[in-house]
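Undergrad: In UniProt numbering, the protein residues as written are 1 to 373.
No wet-lab data here; the hints were simulated from the structure. Owing to the predicted nature of the structure, the values given are computational and were not obtained by experimental measurement. Treat the hints with care, since some could be wrong.
[To be verified] Under the rule of at most 16 Å between Cα atoms (straight-line distance), these lysine to aspartate or glutamate pairs were calculated in the EDC-like manner:
1. K170 to D218
2. K181 to D242
3. K225 to D277
4. K82 to D61
5. K363 to D295
6. K360 to D254
7. K127 to E157
8. K225 to E257
9. K235 to E188
10. K170 to D63
11. K167 to D340
12. K154 to D307
13. K225 to D307
14. K127 to E188
15. K330 to D340
16. K151 to E184
17. K151 to E188
18. K80 to D63
19. K67 to D46
20. K368 to D295
21. K327 to D307
22. K154 to E120
23. K235 to D191
24. K181 to D218
25. K82 to E120
26. K248 to E234
27. K327 to E157
28. K80 to E102
29. K170 to D46
30. K360 to D295
31. K127 to E148
32. K93 to E72
33. K127 to D113
34. K368 to D254
35. K167 to D191
36. K112 to E184
37. K82 to E119
38. K151 to D63
39. K151 to D307
40. K127 to D316
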Amino acid sequence: MTTNKIFVLFLVFAFIFQAMLLILTYKYPRRTAQTRKLLENVTCNDLLDEWDTDTPVLLIDLDFLEKLNQEECKWNGTAKIKIGIDVTYEVDKSIFNYSPFEVVFYSNNGSKDFLEFHEEPRRIIPKNFERRWVGNFEIPTNTQRFAEFWKRSKYVECLGLEMNRNKSEKAYQNGPYSATKLAELRDELIDIGMYPFLNGGTFLGWYRECTVIPHTYDMDLAVFKENYNPEYAEKVLNGESDFVLRRKFGMLEDSLELTLYPYWDQGLLIDLFVMYDGVENGTLTHHYVSGVNSDGTKYRYTYPMYDPWCAAVLHDHIFWVSCSPMKQVKHEYGPLWYLDHPTDRYGWNSSGKNVKIVGKFSKEEMEKYYLYY
Numbered sequence: 001m002t003t004n005k006i007f008v009l010f011l012v013f014a015f016i017f018q019a020m021l022l023i024l025t026y027k028y029p030r031r032t033a034q035t036r037k038l039l040e041n042v043t044c045n046d047l048l049d050e051w052d053t054d055t056p057v058l059l060i061d062l063d064f065l066e067k068l069n070q071e072e073c074k075w076n077g078t079a080k081i082k083i084g085i086d087v088t089y090e091v092d093k094s095i096f097n098y099s100p101f102e103v104v105f106y107s108n109n110g111s112k113d114f115l116e117f118h119e120e121p122r123r124i125i126p127k128n129f130e131r132r133w134v135g136n137f138e139i140p141t142n143t144q145r146f147a148e149f150w151k152r153s154k155y156v157e158c159l160g161l162e163m164n165r166n167k168s169e170k171a172y173q174n175g176p177y178s179a180t181k182l183a184e185l186r187d188e189l190i191d192i193g194m195y196p197f198l199n200g201g202t203f204l205g206w207y208r209e210c211t212v213i214p215h216t217y218d219m220d221l222a223v224f225k226e227n228y229n230p231e232y233a234e235k236v237l238n239g240e241s242d243f244v245l246r247r248k249f250g251m252l253e254d255s256l257e258l259t260l261y262p263y264w265d266q267g268l269l270i271d272l273f274v275m276y277d278g279v280e281n282g283t284l285t286h287h288y289v290s291g292v293n294s295d296g297t298k299y300r301y302t303y304p305m306y307d308p309w310c311a312a313v314l315h316d317h318i319f320w321v322s323c324s325p326m327k328q329v330k331h332e333y334g335p336l337w338y339l340d341h342p343t344d345r346y347g348w349n350s351s352g353k354n355v356k357i358v359g360k361f362s363k364e365e366m367e368k369y370y371l372y373y
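With the hints as constraints, model all of the structure from the sequences given.
TA: Below, the structure written as structure tokens:
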């Protein structure tokens, strides 16, 4: 091959290489000081148009979503923005090496009500959030709700212990069905701004055996006092719910408990407890929920500082749970928490290791705070 031909081929390859660099630079600009200065002044739509990808992606970066919500999408050109990509697209992650993005793959199983993100730690969030599309960007529209989901997304696994129960014992719960109805109540509470978490025997059943304890008479959820919305009980009483309010015990200030059931299944009872801060000498030291007996006696169930910022799976449904389940079940059920205690021999106001009497409502107070509907 002559020297002239070699030189011509060199020029051709050099031209192609330079063209490719220009394309990459246009698509995913390098983070020079000049680029940062430029991008600090563009609008949200400008950035999304500039960054539009060939593959649909879910924006999951909380800081960027908040800026997007406020229409203040200043980007300094250095921070990576976290996006989720469905694993079914089979995208090579390396193509984003020179992009503004940090890629996390996720699974969207049609039989489950959550998305599963494949990162460390593993994370799951509910699917039921509103979104909009800008090009190939899928954007959560209620950023506050999405942030609450993400804050509670760290996955915790149940133990799946074999319980070896007496098969002749009557079962009041069918695990998959009960979990589905509990998830329906969860969704209603989320829609009104509450973020409930598993509590009591339902929490024990999930952690110990990955299901609802079959012989339990009801299921238990809790919500922190500051997150409780009093309008929910009124909505239920007004028929604006798929659930019915059976009873309402205690005061909102320190002892409220609701019992509900699905509209078409009054045998499936769900207790919703309000969880309160336990303060000693001006310091938050524990949390508690309350119970009231028919004679007016008030009970308090205490917990170590409760931390329901993790997520769990119960029969293909996502529920929020304590991030320290072993500590919580030992505190409530004692060192033999792993043994089955038939419900008909378990006293709701005496068997728990964390229950104590804290007073008594008067007859007049009971007329106000011990209500059946």
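Undergrad: Does each hint fit the structure? Answer for all of them.
TA: Here's how the hints hold up against the structure:
1. Proximity of K170 to D218 is assessed by CA-CA distance (about 14 Å); at most 16 Å being required, the pair is judged to hold.
2. Restraint check for K181 and D242: satisfied, since their Cα atoms lie roughly 10 Å apart, inside the 16 Å limit.
3. In summary, the hint linking K225 to D277 is supported, as the alpha carbons are separated by about 8 Å, within the 16 Å threshold.
4. Between K82 and D61 the CA atoms are separated by roughly 5 Å; this keeps the pair inside 16 Å, and the hint holds.
5. With a C-alpha separation of about 9 Å, the suggested pairing of K363 with D295 holds against the 16 Å cut-off.
6. The straight-line distance between the Cα atoms of K360 and D254 is roughly 13 Å, inside the 16 Å bound, and the hint therefore holds.
7. Restraint check: the Cα-Cα separation between K127 and E157 comes to about 19 Å, which exceeds 16 Å; the hinted pair is violated.
8. Note on K225 and E257: the hinted pairing holds, with a Cα-Cα distance of about 11 Å set against a maximum of 16 Å.
9. At most 16 Å may separate the alpha-carbon atoms for a hinted pair to count; K235 and E188 meet this at roughly 10 Å.
10. A distance of roughly 51 Å separates the Cα atoms of K170 and D63; the hinted pair therefore is violated under the 16 Å criterion.
11. Of the supplied pair hints, the one linking K167 and D340 holds, its CA atoms being roughly 13 Å apart against a limit of 16 Å.
12. A distance of roughly 12 Å separates the Cα atoms of K154 and D307; the hinted pair therefore holds under the 16 Å criterion.
13. Annotation: proposed proximity of K225 to D307 holds, straight-line Cα distance about 14 Å (limit 16 Å).
14. For the hint linking K127 to E188, the alpha-carbon distance of about 14 Å falls within 16 Å, and the restraint holds.
15. The straight-line distance between the Cα atoms of K330 and D340 is roughly 14 Å, inside the 16 Å bound, and the hint therefore holds.
16. With a CA separation close to 21 Å, the supplied pair K151 and E184 exceeds the 16 Å bound.
17. For the given pair, K151 sits about 19 Å from E188 by alpha-carbon distance, which is inconsistent with the 16 Å threshold.
18. Taking the CA atoms of K80 and D63, the gap is about 11 Å. The hint holds against a cut of 16 Å.
19. Taking the CA atoms of K67 and D46, the gap is near 14 Å; set against the 16 Å cutoff, the hint holds.
20. For the hint linking K368 to D295, the alpha-carbon distance of about 14 Å falls within 16 Å, and the restraint holds.
21. The straight-line distance between the Cα atoms of K327 and D307 is roughly 11 Å, inside the 16 Å bound, and the hint therefore holds.
22. Only pairs whose Cα atoms come within 16 Å are accepted, and K154 paired with E120 is accepted, the gap being roughly 9 Å.
23. Under the criterion of a C-alpha separation no larger than 16 Å, the hint pairing K235 with D191 is consistent with the structure, at around 12 Å.
24. Simply put, K181 and D218 have alpha-carbon atoms about 12 Å apart, close enough for the 16 Å limit, and the pair holds.
25. A distance of roughly 14 Å separates the Cα atoms of K82 and E120; the hinted pair therefore holds under the 16 Å criterion.
26. Only pairs whose Cα atoms come within 16 Å are accepted, and K248 paired with E234 is accepted, the gap being roughly 11 Å.
27. Between K327 and E157 the CA atoms are separated by roughly 15 Å; this keeps the pair inside 16 Å, and the hint holds.
28. With a C-alpha separation of about 6 Å, the suggested pairing of K80 with E102 holds against the 16 Å cut-off.
29. Pair hint K170 plus D46 does not hold up; C-alpha atoms about 63 Å apart against a cutoff of 16 Å.
30. Taken as a hint, the K360 and D295 pair is honoured in the structure, with Cα atoms around 8 Å apart against an allowance of 16 Å.
31. Between the alpha carbons of K127 and E148 the distance comes to roughly 13 Å, so the proposed pair stays at or under 16 Å and holds.
32. In summary, the hint linking K93 to E72 is not supported, as the alpha carbons are separated by about 28 Å, beyond the 16 Å threshold.
33. Restraint check for K127 and D113: the C-alpha separation of about 6 Å stays at or below 16 Å, so the hint holds.
34. The suggested pairing of K368 with D254 holds, with an alpha-carbon distance near 14 Å, which does not exceed 16 Å.
35. At most 16 Å may separate the alpha-carbon atoms for a hinted pair to count; K167 and D191 exceed this at roughly 39 Å.
36. Straight-line distance between C-alpha atoms of K112 and E184 comes to about 13 Å, which keeps the hinted pair within the 16 Å bound.
37. In summary, the hint linking K82 to E119 is supported, as the alpha carbons are separated by about 12 Å, within the 16 Å threshold.
38. Distance restraint check for K151 and D63: the Cα-Cα separation of roughly 13 Å lies within the 16 Å cut-off, and the hinted pair is therefore satisfied.
39. Restraint check for K151 and D307: satisfied, since their Cα atoms lie roughly 11 Å apart, inside the 16 Å limit.
40. A distance of roughly 12 Å separates the Cα atoms of K127 and D316; the hinted pair therefore holds under the 16 Å criterion.
Figure legend: structure checked against the earlier numbered hints; hints not met, in rising order: 7, 10, 16, 17, 29, 32, 35.
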